[in-house]
Amino acid sequence: MTTTIASQAAPPPPADLPRKKRKEDRAPREGGLASLLLSPTFVVLLLVILYPLLSALYQSLFAAESGLDADGFVVEGESFVGLGNYLDIFAGAESGRFYNALWNTTFFTFVTVGLETVIGVAFAVAMNRAFRGRAFLRAAILIPWAIPTAVSGLLWRWIFQSNGIANDLLNTQILWTAEGFAAQAAVFIAEIWKTAPFIGLLVLAGMQLIPEEVYEAAKLDGANAWKQFVSITLPLVRPALLVAVLFRLLDALRMFDLPFVLIGPRKTSVETLSILAWDESNQLQYGAASAFAIILLVYVAVIAFVFIRVLGADVIGDADARAEKKAARAQKKAARAEKESAR
Amino acid sequence: MTALTERDVIATSGARAGRAGTDARGGRKRRRGIGGAITRWVGIAIVAVYCLAPFYWMLVSSFRTTNDIFSTSLLPTTWSLESYAQVFSGSNDFGRSLLNSLIVAGTTTILALVLGIFAAYAIARLKFRFKTAILAVIIATSMFPGIAVVVPLLRLFTDIGWINTYQAMIVPSLSFAIPLAVWNLTTFMKQLPHDLEQAAMIDGCTKWQAFTRILLPLAAPGVFTTAILTFIHSWNEFIIALSMANDPAIQTATVAISKFTGASDFQAPFGAQMAAGVVVTIPLMIVVLIFQRRIVDGLTAGATK
Numbered sequence: 001m002t003t004t005i006a007s008q009a010a011p012p013p014p015a016d017l018p019r020k021k022r023k024e025d026r027a028p029r030e031g032g033l034a035s036l037l038l039s040p041t042f043v044v045l046l047l048v049i050l051y052p053l054l055s056a057l058y059q060s061l062f063a064a065e066s067g068l069d070a071d072g073f074v075v076e077g078e079s080f081v082g083l084g085n086y087l088d089i090f091a092g093a094e095s096g097r098f099y100n101a102l103w104n105t106t107f108f109t110f111v112t113v114g115l116e117t118v119i120g121v122a123f124a125v126a127m128n129r130a131f132r133g134r135a136f137l138r139a140a141i142l143i144p145w146a147i148p149t150a151v152s153g154l155l156w157r158w159i160f161q162s163n164g165i166a167n168d169l170l171n172t173q174i175l176w177t178a179e180g181f182a183a184q185a186a187v188f189i190a191e192i193w194k195t196a197p198f199i200g201l202l203v204l205a206g207m208q209l210i211p212e213e214v215y216e217a218a219k220l221d222g223a224n225a226w227k228q229f230v231s232i233t234l235p236l237v238r239p240a241l242l243v244a245v246l247f248r249l250l251d252a253l254r255m256f257d258l259p260f261v262l263i264g265p266r267k268t269s270v271e272t273l274s275i276l277a278w279d280e281s282n283q284l285q286y287g288a289a290s291a292f293a294i295i296l297l298v299y300v301a302v303i304a305f306v307f308i309r310v311l312g313a314d315v316i317g318d319a320d321a322r323a324e325k326k327a328a329r330a331q332k333k334a335a336r337a338e339k340e341s342a343r
Numbered sequence: 001m002t003a004l005t006e007r008d009v010i011a012t013s014g015a016r017a018g019r020a021g022t023d024a025r026g027g028r029k030r031r032r033g034i035g036g037a038i039t040r041w042v043g044i045a046i047v048a049v050y051c052l053a054p055f056y057w058m059l060v061s062s063f064r065t066t067n068d069i070f071s072t073s074l075l076p077t078t079w080s081l082e083s084y085a086q087v088f089s090g091s092n093d094f095g096r097s098l099l100n101s102l103i104v105a106g107t108t109t110i111l112a113l114v115l116g117i118f119a120a121y122a123i124a125r126l127k128f129r130f131k132t133a134i135l136a137v138i139i140a141t142s143m144f145p146g147i148a149v150v151v152p153l154l155r156l157f158t159d160i161g162w163i164n165t166y167q168a169m170i171v172p173s174l175s176f177a178i179p180l181a182v183w184n185l186t187t188f189m190k191q192l193p194h195d196l197e198q199a200a201m202i203d204g205c206t207k208w209q210a211f212t213r214i215l216l217p218l219a220a221p222g223v224f225t226t227a228i229l230t231f232i233h234s235w236n237e238f239i240i241a242l243s244m245a246n247d248p249a250i251q252t253a254t255v256a257i258s259k260f261t262g263a264s265d266f267q268a269p270f271g272a273q274m275a276a277g278v279v280v281t282i283p284l285m286i287v288v289l290i291f292q293r294r295i296v297d298g299l300t301a302g303a304t305k
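So the sequence lines, in the order shown, correspond to chains P and E.
In this text, residue positions in the first sequence follow the numbering used here: the first is 1, and each later residue adds one.
In this text, residue positions in the second sequence follow the numbering used here: the first is 1, and each later residue adds one.
Some clues are possibly wrong.
[Claimed, not checked] Simulated DEER-style distance windows between Cβ atoms:
#	chain 1	residue 1	chain 2	residue 2	range
1	E	A249	P	I210	48 to 58 Å
2	E	I34	P	F136	15 to 25 Å
3	P	Y215	E	I34	14 to 24 Å
4	E	A136	P	R336	27 to 37 Å
5	P	A342	E	Q198	49 to 59 Å
6	P	F181	E	I34	40 to 50 Å
7	E	T65	P	A185	27 to 37 Å
[Claimed, not checked] Simulated pairs of lysine-lysine, PhoX-like, Cα-Cα distance not exceeding 20 Å:
#	chain 1	residue 1	chain 2	residue 2
8	P	K267	E	K259
9	E	K207	E	K127
10	P	K332	E	K127
11	E	K131	E	K190
12	E	K207	E	K190
13	E	K127	E	K190
Derived by calculation from the structure, the hints in this document are not laboratory data.
All residues carry an ideal CB built from backbone N, CA and C; glycine is no exception.
Okay, chain E solo, but in the shape it has when bound (with noise of 0.2 Å):
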């Protein structure tokens, strides 16, 4: 066990020393023969398929002219921004959605970030009673569904004239936002050596002091994944952005996409949807790209331990 914490330390703090492991055991997986390279290769091609093909299609289809939009060739023929164009033009004004979403998932994402250290520091550093059962109600309270959290507030909010405001949208996200990032920063900062603070003190440092300087540097890679899996849910949120606001101009862009209206009733434009969602998901892909290695740790933190 203590190896294993060793391992993830090393993981949170300095990627490249936990890669290494991992090449290590690759090596030794390696010596079999060509047939498990055959499957090994079906195996990821599978895969690699199975997760890409769909978005391939919605990548493709945003580039197709809206004559040729219905056409099912692996490539347009002929390359074309017209739907991108469709997106940001018009009644669709995508643009404004788009800065909606980011504000609302931004806030979201520092208000729970700076709520989740401080509750996360005390679960993970300090000794009190009570401490598993408090997790527990923090983790208990993710599990809400949206809708129990949405149909009351609705009533509150619209009472007190918040419908439309981004505060009606960021308010209800917390629901979600701040035990996530309550769960997975404790994870973070339980995985930091025990006795870094107790060594700043007894060199002269408060306890606010050996928090600010040397924990919450230490911590600062489990911050930064925390921030990225919050921003992410919260961008990706819809059932709240859905209920709260029925104004254009301050929908969130996952409800704006939904809401796309085409040139005529009866066909839904499917190249500005296409053309929006890649909008939408490739930011988060970049994101995705960059830093797969400690989302991972972050999705699979609280599972694996």
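Isolated chain P (complex conformation) (with noise of 0.2 Å):
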């Protein structure tokens, strides 16, 4: 009873302080148990992410060293270059080849998205309409999907044999697997049948999310299936198809089964930025190729970067995120706003 009466006695009212106190403290106590709960997988991705990553950094810094000392003999380490893999990249005598691999990796990467774009969402209409067949053609489109990159390299190569199938049903006596432009379109053709499919899954996805109601409203106004399909279907599936896209660009740029397998290393007219920085470890050249996979990196997180900030690509469901935090505030301006009025 006493403690009671103390209690009321004390200036803020205890009754409530405990309630608020908890209501502060949840947050932080969360907070260490999320930090918990992170921090295994961050201690993995510092080690298989950061580590090398600033190894790489490092590296790219040192140049193989092999050659003659004073008395003949062969002296192999390294040394210090600085920037200087960098630049022989852009302006030395390995440049030509840089250039060449970025020129392909860039023209690889739009061609085979860009195609990639307009049959994914060909796909998705037509199996948008289809309800009947839609098992069977999920289980058809996942199994490009499926096949190991390497594999469907593998296979590619056989349909593109000289003697193979394509040539005869095309009637021509392409040398696809060799080297040249015939090559290239031998990658487009492999990796667009591989991840088409999967880019009209990801917009079928987004443009089952539309209600009927849209269409049937646009019918009756008079809109032809083109019009429903851009003015209705394209704007509402964007978000979806941004998403898909961007995926698939950061997975084209960095591209090196496919053509390593289907055409082979050290081939001109395929050589990736991967496939240059592979060929270069593999000749102990670290420091070259260090460079490489930075430059590659950087190139990555570019168009990362122009995606999700220029083109509004909403990866991590920020947007979501944003509209609750914008609620919240928006509710507890109006519970302030109540509080004030019934002062």
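Please assemble the complex out of the two chains, which come individually in their own frames, going by the hints.
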């Protein structure tokens, strides 16, 4: 009894205090648990991402050396060359190979992703209508995706043999897997075959979230199928499409398996930055290889940045979180206003 | 928006209910003319042929005899298991590579799942600062080009004598497996109703019990889907396995196939390669056919939310 009286006498009412404190406490306490749960993941990511990144940055400043010293002995080692590797890459003897690989990477990425997007969207439209064969189609579409890229490289190598089925069907004698534009075309075809259905799948998922009523209203307004597609489907499916295209872009920029297996390493017409870096490290030129890897990494980061910032691809559901925050803030404001008006 | 999330929850926890929803929509769509039906079937046929024809060619080629391998008939003139025998015998010893793939992909998947479940629980269910930033960092790591991980780690693993070991392939594989697992699991766990654990805790569960007894069983379909996706990714991995192992005894299946040697140096052993390709792909295909709905849910979870 006395405690109640005493507590009531105290300036801030303690009955209120613990509750308030608990509310304020909650976020940091969950923060502790969260950091506990997240730390193993971050430890591993530090080991397999941050360490390689820093190591590559450091390594890219060194060059392998092998030569003869004054006494005629073979000396092997590494010497610090600063930005020498990068200078070599952009302006030195190796630069031709680098610019070629950079061009190939860019060319492959934009051609394949562009065509994939068009074909994928067309597939999504076809599937969105096909309700009977839906399960069959979904299974069919997953098959190119599930076949390992290295295996699909071999498969297409087989199809593109000089006396293979592709030449037979087209009635030509093209040497697809040798060099030149035919080899590039072979890579395009194999890559698009594998990934266009995947874009179709993601776009289809986006399409299914569009309520049927929207189309019915458009139909009443007299919009034809094409008009409906351009002014309803495309804008509403844009978020899903942007995420799908972003993923494909980043994946295509690091293309390795397909040209490596389908055409082979050290082939000018299909050498990508990944293959070039791999080839350098295979010859123990770790400095140059690291520099190539860093350049590719920066390239990938720039593309991702453009996509997320400029085009507004919402990869992490940021829009949701932002909307939630906004709603919470509005609620708080309303509550405060109510409190104030009550006073 | 609430209606959507509800449907998602239904779709993940009980696939059948979700399917009933689509059927109802399909019914509305079916009331179209004959022209529509023809376009529809032509569409299905084009998509199916596009996706399946190359795989069909791999399958058919694997059953041809060596003499017949360059024939372009739609079916083999004589069916033969010659190529399959070649795959599992002699210098190729493909069984060993399959086992290696299973060990590497399996371990990678389990490790990524264990770490991913904890991380995803924290991101999806707890309140703390910098959450969006943390999720962004984890996703950003998945965009890392494989070669940028391989070159420095190759150097490190050479120095510590890890080349030609399983861990040399498993550890770098986590660089893509963990972000994939965390991202997928986060999406799944976010969809579960938010007051579940609170209700359990009011009934006397500790936070840990609420997690293991209530949330984890409910998230099981999501965990399962994530396991399939991560496993398929790791099974298909090439550049890490190619760089970290040069001993045929430890190579994974994808690398082993690409290095098959034939009877002569001048002719690639296409029959054996196609047969091995079929062997590598068939398990994935069975998984895909059985769990196609789950896989599609998992693949599209990120894109549409």
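Checked hints:
no., hint, in the structure
1, A249/E <-> I210/P: 48 to 58 Å, "holds, 53 Å"
2, I34/E <-> F136/P: 15 to 25 Å, "holds, 21 Å"
3, Y215/P <-> I34/E: 14 to 24 Å, "holds, 21 Å"
4, A136/E <-> R336/P: 27 to 37 Å, "holds, 31 Å"
5, A342/P <-> Q198/E: 49 to 59 Å, "violated, 29 Å"
6, F181/P <-> I34/E: 40 to 50 Å, "holds, 44 Å"
7, T65/E <-> A185/P: 27 to 37 Å, "holds, 31 Å"
8, K267/P <-> K259/E, "holds, 18 Å"
9, K207/E <-> K127/E, "holds, 14 Å"
10, K332/P <-> K127/E, "holds, 17 Å"
11, K131/E <-> K190/E, "holds, 13 Å"
12, K207/E <-> K190/E, "holds, 17 Å"
13, K127/E <-> K190/E, "holds, 12 Å"
The earlier numbered hint that this structure contradicts is number 5, and it is the only one.
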